[in-house]
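K.L.:
Chain by chain, the residues:
2 protein chains.
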Amino acid sequence: MLMKNKLYFKLKNKKIQEIAFSAICEEQKNIGYYALPEQNITPILEYCKTIPERIKNIAVIGIGGSSLGAKAIYEFIKPTRKLQRKLYFFESTDPINITTLLSKIDLEKTHFLIISKSGTTVETFSIYKYIYSLKNDSKSYTFITDPGSPLEKYAHKIGASILDLPNNVGGRFSVLSTVGLVPLALSGIDIQALLYGANTLKKSFFGAGYMQDTLLKKAVFYAQNHAQYHINCIFAYSETLKYFCEWYVQLWGESLGKKQRHSAFNVGLTPIGLIGPKDQHSFLQLLMEGTRDKSVTFIKIEDFQDDIVIPDISLPHLESLDSLNNLPFSKLINMQCDSVIKALLEEEIPLDSISISKVNEGNIGALMYYYELLTSLVGELIDVNTYDQPGVEAGKIILKKKLNSLS
Amino acid sequence: MLMKNKLYFKLKNKKIQEIAFSAICEEQKNIGYYALPEQNITPILEYCKTIPERIKNIAVIGIGGSSLGAKAIYEFIKPTRKLQRKLYFFESTDPINITTLLSKIDLEKTHFLIISKSGTTVETFSIYKYIYSLKNDSKSYTFITDPGSPLEKYAHKIGASILDLPNNVGGRFSVLSTVGLVPLALSGIDIQALLYGANTLKKSFFGAGYMQDTLLKKAVFYAQNHAQYHINCIFAYSETLKYFCEWYVQLWGESLGKKQRHSAFNVGLTPIGLIGPKDQHSFLQLLMEGTRDKSVTFIKIEDFQDDIVIPDISLPHLESLDSLNNLPFSKLINMQCDSVIKALLEEEIPLDSISISKVNEGNIGALMYYYELLTSLVGELIDVNTYDQPGVEAGKIILKKKLNSLS
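Chains Y and X supply the protein sequences, listed in that same order.
Take the first sequence: its letters are residues 48 to 454, numbered as in the numbering used here.
Take the second sequence: its letters are residues 48 to 454, numbered as in the numbering used here.
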């Protein structure tokens, strides 16, 4: 068992659960991300061997779905382990950000991964052009894009490495494809274990295991109550999950904020990522006493490796704090989480809690696949196309016109 | 003029504006943060001289209002300038986080600021005890707390430095008090310029300048429409504003998520911080096509110092991207912002945009004071006590019981 998920809300609607499950089984035939946990990673591992050992930094030039997944996993694992290479993410056209990132890396020891499905992402290519003008050496670049795209032709022309994106996998569902796996494998993260975790979750869901009933119940609750509880918070009790929360925000918001397929309505579930205990001192007041429009999912890590203990020191005038003495920090942070769960339950806020045993690849793989399945289920139930993003086109068209009017 | 603020929504209700203004003028007599821009900072600068030059790191042990403000300003300024000292923030009981932070600093070159209003914050003192067990030297610690608190007595007893918190200034409004100014001054940030910026904004508001009408209009719009537009997003077009957004989330959420003073209702305005262009690839779809419950404030930086230019390179097969050539990144990022503004206006999403001239102390001081005033105004209009946080007590009491039952 990679993770546990306890639902604190009650719901009985077996029939809607069955409808949702059938829809997902049907969808699975056409949507590419479902099959990713079973992929053969030999080509990725073979590619990694072509990157020389003197390369110490991998810089990902990509934005949104092309960076958030790998960043979430890298930032989760990194604090607990010495990795083979560092990852850097160029995700912004902010000149201060580009200059700051470049000042941190030795270009001679850096390999760049340019990740773009369409091959024409403005952010990615403005940054690529800038960096290419500093390091005009095609062996320093690998391109990850759709087969047959103009970008693939360009990469071929300059003699750079090319890796394909799999079919029918959208950006925000692509973390377990080449998009996420290549930078992670190059950093020294065990991508086989990552996929194994995702696959265990997948089998549990599709094979009528523990996760099937749990995920279906949760999805039906979110869908049935989406008009009231339309803000869905994750409250993760570890700093290591900070970028997982950013990945979740894209997955949830961009998938579920849509015009309905068969109505004239705009619907949407708004994701918010919180980190405990820090956000107990920021967002908790609003959860406790604000408008009753939020559900909360707590995420706990049971066993923090390299735990440390609060020493047995009594401070004069501050003896009331002696109850903390000899307590491992891992126990304290989880007690803080349990206390907030209890306080929110007393306010009848709809909650659930997810526990993962520790920080490793299998657990984050399972957690991300869990959220992908949950997103697909809720999307099906609230009648949206989970996999497109027509709303972002308008801004791109306006920008293109502005750019063309410059020349 | 430190900043400009253009409102894209129309509103005429002079009478409510007058009521809000009177209420704030009245409130100003009792609430301490209003006076902070005019304070005498000589004692802070004198204190800073007592910290020896060999100290290269300042570690803040504090959480919520005791860290978010200084962090926001430090992370805003830091990428643009070489500062005298580095700041580190211990804000979590996550053992992985504590260990990771400690691995980055040389204890011999580090001075610790322990910031706690009550003097009994669990997170702060569990971390303090741990660090004190590693560096048992009272000259390495300064305590910032309420005069007369048990913490002040403790600090006095061990012979450590003590700085007072001013009266009637709550944590989330304390950035311009010792809480924010001391770490910032020690890092080499110009706190006089910071206060000057805040004071300019203050004078414009209270002295019937440009900001009076603008802030009043905006506050009345938010308050009158809070039942529909109850999610208030900031979309800031620079990575330097990332932690400003976190500060805003606490200020807005904890101040405005409350039981109303004169009703039985829970109300609340939910803050969300977004960074462009990154979140164009994450949250924008939800803004464009999701439920119409969000307002958006864009923040732009007009002049990025040390700007860089997209080189004049044409990539074979990717000639459509040639329109980017020779464009400064600062111009591109602001064109991206303008394009998204236009796209959202076409969807009739309520918007406004704030422009600041560049990254410096005066501008961030003005921006933060602007948000403090806006929060006070909206709190007054939606009938909540902006300055308390009763909802966070329940979890603290439960935790205390759990801790006491351990021993």
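In case anyone wonders, no lab produced these hints; they're calculated from the structure.
Model, not experiment: these values are computed from the prediction.
Mixed in with the good hints there might be a few duds.
The list makes no distinction among identical chains, and a pair is therefore deemed to hold if it is satisfied within one copy or across any two copies.
With a cut-off of at most 20 Å between alpha-carbon atoms, the simulated DMTMM-like pairs for lysine to aspartate or glutamate come out as follows [claimed, not checked]:
no.	residue 1	residue 2
1	151	122
2	103	394
3	289	122
4	53	440
5	62	199
6	182	155
7	443	155
8	443	366
9	447	155
10	378	354
11	448	385
12	447	359
13	250	395
14	204	366
15	306	395
16	389	74
17	447	211
18	51	385
19	76	122
20	378	435
21	448	393
K.L.:
Decide, hint by hint, whether the structure agrees.
P.N.:
A quick look at each hint next to the structure:
Taking the shortest Cα distances, residue 151 and residue 122 sit within 20 Å of each other both inside one copy (17 Å) and across copies (16 Å). When the C-alpha separation of residue 103 and residue 394 is checked against a cutoff of 20 Å, the pair qualifies neither within a copy, at 50 Å, nor between copies, at 46 Å. Within a single copy, residue 289 and residue 122 get their C-alpha atoms as close as 8 Å, and across copies as close as 17 Å, so both meet the 20 Å cut-off. In this assembly of identical chains, residue 53 and residue 440 lie within 20 Å of each other by CA distance neither inside one copy nor across copies; the values are 39 Å within and 25 Å between.
Within a single copy, residue 62 and residue 199 get their C-alpha atoms no closer than 47 Å, and across copies no closer than 62 Å, so neither meets the 20 Å cut-off. In this homomeric assembly, residue 182 and residue 155 come within 20 Å of each other (Cα to Cα) only inside a single copy, at 9 Å, whereas the closest approach across copies is 40 Å. Proximity of residue 443 to residue 155 under the C-alpha cut-off of 20 Å is found in neither arrangement, the shortest distances being 34 Å within a copy and 52 Å between copies. Taking the shortest alpha-carbon separations for residue 443 and residue 366, only the inter-copy value of 17 Å comes in at or below 20 Å, while the best intra-copy value is 60 Å.
Taking the closest pair of Cα atoms, residue 447 and residue 155 never come within 20 Å of each other, the shortest separation being 34 Å inside a single copy and 54 Å across copies. With identical chains, the CA atoms of residue 378 and residue 354 are at most 20 Å apart within one copy only, with a shortest distance of 9 Å there and 47 Å across copies. In the homo-oligomer, the alpha carbons of residue 448 and residue 385 lie at most 20 Å apart only across protomers (12 Å), although the nearest pairing inside one protomer, at 53 Å, exceeds that limit. Taking the closest pair of Cα atoms, residue 447 and residue 359 come within 20 Å of each other only across two copies (18 Å); inside a single copy the shortest separation is 63 Å, beyond that limit.
Taking identical chains as interchangeable, the C-alpha atoms of residue 250 and residue 395 are never at most 20 Å apart, the minima being 33 Å within one chain and 45 Å between chains. Taking the shortest alpha-carbon separations for residue 204 and residue 366, only the inter-copy value of 14 Å comes in at or below 20 Å, while the best intra-copy value is 71 Å. Taking the closest pair of Cα atoms, residue 306 and residue 395 come within 20 Å of each other only across two copies (15 Å); inside a single copy the shortest separation is 30 Å, beyond that limit. For the identical chains of this complex, residue 389 and residue 74 are neighbours neither inside a copy (38 Å) nor across copies (35 Å), given an alpha-carbon limit of 20 Å.
For the identical chains of this complex, residue 447 and residue 211 are neighbours neither inside a copy (27 Å) nor across copies (54 Å), given an alpha-carbon limit of 20 Å. Only within a single protomer do residue 51 and residue 385 lie at most 20 Å apart by alpha-carbon distance; the minimum there is 15 Å, versus 45 Å between protomers. Taking identical chains as interchangeable, the C-alpha atoms of residue 76 and residue 122 are never at most 20 Å apart, the minima being 32 Å within one chain and 46 Å between chains. Neither within a single protomer nor between protomers do residue 378 and residue 435 lie at most 20 Å apart by alpha-carbon distance, with minima of 42 Å and 29 Å respectively.
Taking identical chains as interchangeable, the C-alpha atoms of residue 448 and residue 393 lie at most 20 Å apart only when they sit on different chains, with a minimum of 16 Å there against 54 Å within one chain.
Of the numbered hints stated above, those contradicted by the structure are hints 2, 4, 5, 7, 9, 13, 16, 17, 19, 20, listed in ascending order.
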